[in-house]
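Peer 1: Note that the protein sequences, when read in sequence, are chains A and B. Numbering of the first sequence is given in full-length UniProt numbering, commencing with residue 1 and proceeding in unit increments. Numbering of the second sequence is given in full-length UniProt numbering, commencing with residue 1 and proceeding in unit increments.
Hints listed in this document are in silico derivations from the structure and should not be mistaken for laboratory results. All values reported here derive from a predicted model rather than from experimental measurement. Every residue gets a Cβ at the ideal spot worked out from N, C-alpha and C, and that includes glycine. Some hints here could point you the wrong way.
Cβ-Cβ distance ranges computed for the label pairs, FRET-style [unchecked claim]:
#	chain 1	residue 1	chain 2	residue 2	range
1	A	21	B	214	52 to 60 Å
2	B	193	A	145	45 to 53 Å
3	B	12	A	143	29 to 37 Å
Listed next, the in silico SDA-like pairs over lysine to any residue satisfying Cα-Cα at most 20 Å (straight line) [claimed, not checked]:
#	chain 1	residue 1	chain 2	residue 2
4	A	78	B	31
5	B	273	A	65
6	A	142	B	25
7	B	273	A	81
8	B	273	A	62
9	A	220	A	25
10	A	142	B	23
11	B	24	A	62
12	A	142	B	99
13	B	273	A	23
14	B	273	A	21
15	A	142	B	31
16	A	78	B	25
17	B	30	A	21
18	A	78	B	108
19	A	142	B	131
20	B	24	A	141
21	A	142	B	29
22	B	273	A	143
23	B	24	A	11
24	A	78	B	274
25	B	30	A	140
26	B	24	A	21
27	B	24	A	81
28	B	30	A	143
29	B	24	B	146
30	B	273	A	61
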Amino acid sequence: MSSVETYPEGLAITVEGVSKRFGRTLALDDVSLAVPHGTVFALLGPNGAGKSTLIDILCTIGRPDSGRALIAGIDVVKQPLAARRQLGVVFQETTLDTRLTVRENLSFHGMVYQMGRRERLTRTDEMLELVDLTDWADSEVKTLSSGMRRRLEIARALMHRPQILFLDEPTVGLDAQARARIWDYIAALRAQQDLTVIVTTHYIEEVDACDDICIIDRGKILAKGSPDALKSQHGSTLLKVTPRSDEARAAILARYPDAVAGAESQLLIQMTATDSADAILAEFGNQLRQISIDQPSLESVFLSLTGRDLREAPPVSRKARRNG
Amino acid sequence: MSTALSRGFGQARGVYAIWLREVKRSLRDKGQLVGGVSRPLLWVLILGIGLNPYFRGEVYGEVRFVVPYTYLQFIFPAVIVLNILYTSIQSAVSLIWDREFGFLREVLVSPMPRNLILLGKVLGGATTAVIHGCMVLVVARFVGVAPSWSDIAQAIGLMFVLSFGLTAFGIVIANYIRGFESFGVFSNAVILPLYFTASSVFPLDPALTRAQTLVTYPEWLVYMVEFNPLTYAIDAMRGILIDFNQFDPAFNFQVVGVLAVGLFLLAMWEFRKV
Ligand SMILES: Nc1ncnc2c1ncn2[C@@H]1O[C@H](COP(=O)(O)OP(=O)(O)OP(=O)(O)O)[C@@H](O)[C@H]1O
Ligand SMILES: [Mg+2]
Chain A
1 MSSVETYPEG LAITVEGVSK RFGRTLALDD VSLAVPHGTV FALLGPNGAG
51 KSTLIDILCT IGRPDSGRAL IAGIDVVKQP LAARRQLGVV FQETTLDTRL
101 TVRENLSFHG MVYQMGRRER LTRTDEMLEL VDLTDWADSE VKTLSSGMRR
151 RLEIARALMH RPQILFLDEP TVGLDAQARA RIWDYIAALR AQQDLTVIVT
201 THYIEEVDAC DDICIIDRGK ILAKGSPDAL KSQHGSTLLK VTPRSDEARA
251 AILARYPDAV AGAESQLLIQ MTATDSADAI LAEFGNQLRQ ISIDQPSLES
301 VFLSLTGRDL REAPPVSRKA RRNG
Chain B
1 MSTALSRGFG QARGVYAIWL REVKRSLRDK GQLVGGVSRP LLWVLILGIG
51 LNPYFRGEVY GEVRFVVPYT YLQFIFPAVI VLNILYTSIQ SAVSLIWDRE
101 FGFLREVLVS PMPRNLILLG KVLGGATTAV IHGCMVLVVA RFVGVAPSWS
151 DIAQAIGLMF VLSFGLTAFG IVIANYIRGF ESFGVFSNAV ILPLYFTASS
201 VFPLDPALTR AQTLVTYPEW LVYMVEFNPL TYAIDAMRGI LIDFNQFDPA
251 FNFQVVGVLA VGLFLLAMWE FRKV
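Just need the whole structure built from these sequences, with the hints factored in.
Peer 2: This is how it looks when you write it as structure tokens:
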């Protein structure tokens, strides 16, 4: 078996030219990226961007059509079993057994990850404590709220002390409070320097706290870098206006053909060097219900890279998409 | 301890975990338990007791019992096999649930090799089926079947090998079923025909020669019975419990054994691509 310590220059994950096709959809198109050890790395992209497909390949469930992926220096196609020992995953859709209790789910995980009995027992208690589920240890999972289930899944993914943790949309479908709590756990994990976290999300405001971000759309990587670097490279001042009427909307769109539809009938206009908010106010001021000016943010980065507002499209579950 | 040995222990623990989950889940499943109790009761009470007085025939002018047993005694071993058949296939079909509700991914992303995942699953299904078979065996005395302890041990052994093969068979089928509605169709299209053509509820009169049998019964039925591997499993169970065989006992056991191994290999082949 190849040694775990030999991965190049402290990289937890290396992806080189990975492509994956499902029928006519090119889910991943020549994707390459590198994630340094011990960082929190976010994959940001709209529905169908290919985030889950990439995670499936990295955790050895999906096979790339071409290219190569290494986890802690281990090739995921050539040595899947060895790679799996190094990673913990929380999939987009829950994979708990809802008829077993919280403790039974953790214990099952410990056993299939071939942990010894004593370690399994102590680790179960530690993990329950980490995600504040000690009081629920003997409840069946079906009695838990969705936020609690998510926490249990994170605890379970960490049971066997993986080096790399994948979280595919860990906060989707949760209320604001439960989401904040999940991110608290991720921050706490980050403090334990031994873990690399790869997280995918739709919620742009969540990724500001990550070390590195990778924006992906239609299977292609559009940009990579730290939040600040991305903002200064691709960000722009964003003007958000809410027209009073459809006529006003049409007029604005005629004047600014690049404006993009945002949430709640907003129009998002990217300011270039020559535009100014004053010009818009002078021209359309009396036809606007609301106007706001956003300083360069990741949202504007996303907009200028993809020409779409990330908030527009709510996440759809894979199953719903398949059946629909 | 060498790493190979400790890995072997670790993987055995993983197989145990998968086995344990299967057994726990099915014991917690009230519906399955109710089915496991009511199905044999219906067969024994209604069909068995109802047909008991008619289980004799007039063959060539002579009124006699077709086989030297009451009808209850005759179908009892078959009812055990029926319960095993249902439970094995039900356990295997839980694979569809695991796939649909995502749990399968939790196992597939673990460092357990696929074949061992399958082994745990099949052993778990087989264990549940044996439990359901034993629930029938418990009432043996009430239908006039009095197996010795060694008969019981043999019966359980046979149940296990048979359940193992049938669960593997169920896994192969489950791989082709998308969605749960199909299970109803499936049980009507596979389980019942398989059961009824296994000489389960009627004997092929052993006193007749082959030529006479073919005259007495339609030819297609005789061939179906002979072609159906379950025939030999039921016959083996009868041999153990009431000492009545229509076929060669050694051949019966060979069929059941070969089937268990063959179907498991087939399931392994299917499970590669899950
Ligand atoms: N098993 C599959 N069969 C066919 N097409 C698939 C399959 N899995 C993914 N796809 C397609 O590949 C593309 C990428 O899907 P993927 O699930 O990776 O996107 P995603 O970024 O995770 O989206 P979301 O944010 O909605 O989860 C989509 O067009 C999707 O429909
Ligand atoms: Mg996804």
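Peer 1: Hints first: check each against the structure and report whether it holds.
Peer 2: Hint-by-hint comparison with the structure:
1. The hinted range of 52 to 60 Å is satisfied by residue 21 of chain A and residue 214 of chain B, whose Cβ atoms lie roughly 58 Å apart.
2. Evaluation of the 45 to 53 Å hint for residue 193 of chain B and residue 145 of chain A yields a pass: the beta carbon distance comes to about 46 Å.
3. Distance hint check for residue 12 of chain B and residue 143 of chain A: the Cβ-Cβ separation is about 32 Å, which falls inside the suggested range of 29 to 37 Å.
4. For the hint pairing residue 78 of chain A with residue 31 of chain B, the CA-to-CA distance comes to about 44 Å; that exceeds 20 Å, so the pair is violated.
5. A threshold of 20 Å between alpha carbons decides the hint, and for residue 273 of chain B with residue 65 of chain A the separation of about 16 Å falls inside it, so the pair holds.
6. For the hint linking residue 142 of chain A to residue 25 of chain B, the alpha-carbon distance of about 13 Å falls within 20 Å, and the restraint holds.
7. Restraint check for residue 273 of chain B and residue 81 of chain A: satisfied, since their Cα atoms lie roughly 16 Å apart, inside the 20 Å limit.
8. Between residue 273 of chain B and residue 62 of chain A the alpha-carbon distance is near 11 Å, which keeps this suggested pair within the 20 Å criterion.
9. Among the hinted pairs, residue 220 of chain A with residue 25 of chain A is consistent with the structure: their alpha-carbon atoms are about 12 Å apart, no more than 20 Å.
10. At roughly 19 Å between alpha-carbon atoms, residue 142 of chain A and residue 23 of chain B fall within 20 Å of each other, so this suggested pair holds.
11. A distance of roughly 30 Å separates the Cα atoms of residue 24 of chain B and residue 62 of chain A; the hinted pair therefore is violated under the 20 Å criterion.
12. The suggested pairing of residue 142 of chain A with residue 99 of chain B holds, with an alpha-carbon distance near 18 Å, which does not exceed 20 Å.
13. Of the pairs offered as hints, the one joining residue 273 of chain B and residue 23 of chain A holds, with about 17 Å between alpha carbons and a cut-off of 20 Å not exceeded.
14. For the suggested pair residue 273 of chain B and residue 21 of chain A, the alpha carbons sit about 17 Å apart, so the restraint of at most 20 Å is met.
15. Between residue 142 of chain A and residue 31 of chain B, the direct Cα distance comes to roughly 18 Å. Compliance with the 20 Å bound is thereby established for this hinted pair.
16. The straight-line distance between the Cα atoms of residue 78 of chain A and residue 25 of chain B is roughly 35 Å, outside the 20 Å bound, and the hint therefore fails.
17. The suggested pairing of residue 30 of chain B with residue 21 of chain A is violated, with an alpha-carbon distance near 43 Å, which exceeds 20 Å.
18. The suggested pairing of residue 78 of chain A with residue 108 of chain B holds, with an alpha-carbon distance near 16 Å, which does not exceed 20 Å.
19. Proximity of residue 142 of chain A to residue 131 of chain B is assessed by CA-CA distance (about 26 Å); at most 20 Å being required, the pair is judged violated.
20. Annotation: proposed proximity of residue 24 of chain B to residue 141 of chain A holds, straight-line Cα distance about 14 Å (limit 20 Å).
21. With a C-alpha separation of about 14 Å, the suggested pairing of residue 142 of chain A with residue 29 of chain B holds against the 20 Å cut-off.
22. Between residue 273 of chain B and residue 143 of chain A the alpha-carbon distance is near 33 Å, which puts this suggested pair outside the 20 Å criterion.
23. With a CA separation close to 42 Å, the supplied pair residue 24 of chain B and residue 11 of chain A exceeds the 20 Å bound.
24. Straight-line distance between C-alpha atoms of residue 78 of chain A and residue 274 of chain B comes to about 19 Å, which keeps the hinted pair within the 20 Å bound.
25. The hinted pair formed by residue 30 of chain B and residue 140 of chain A meets the criterion: a straight-line CA distance of about 16 Å does not exceed 20 Å.
26. Proposed proximity of residue 24 of chain B and residue 21 of chain A is contradicted: the alpha carbons are some 39 Å apart, above 20 Å.
27. A hinted pair counts as satisfied when its Cα atoms are at most 20 Å apart, and residue 24 of chain B with residue 81 of chain A does not qualify at roughly 27 Å.
28. Between residue 30 of chain B and residue 143 of chain A the alpha-carbon distance is near 18 Å, which keeps this suggested pair within the 20 Å criterion.
29. At most 20 Å may separate the alpha-carbon atoms for a hinted pair to count; residue 24 of chain B and residue 146 of chain B exceed this at roughly 31 Å.
30. The straight-line distance between the Cα atoms of residue 273 of chain B and residue 61 of chain A is roughly 11 Å, inside the 20 Å bound, and the hint therefore holds.
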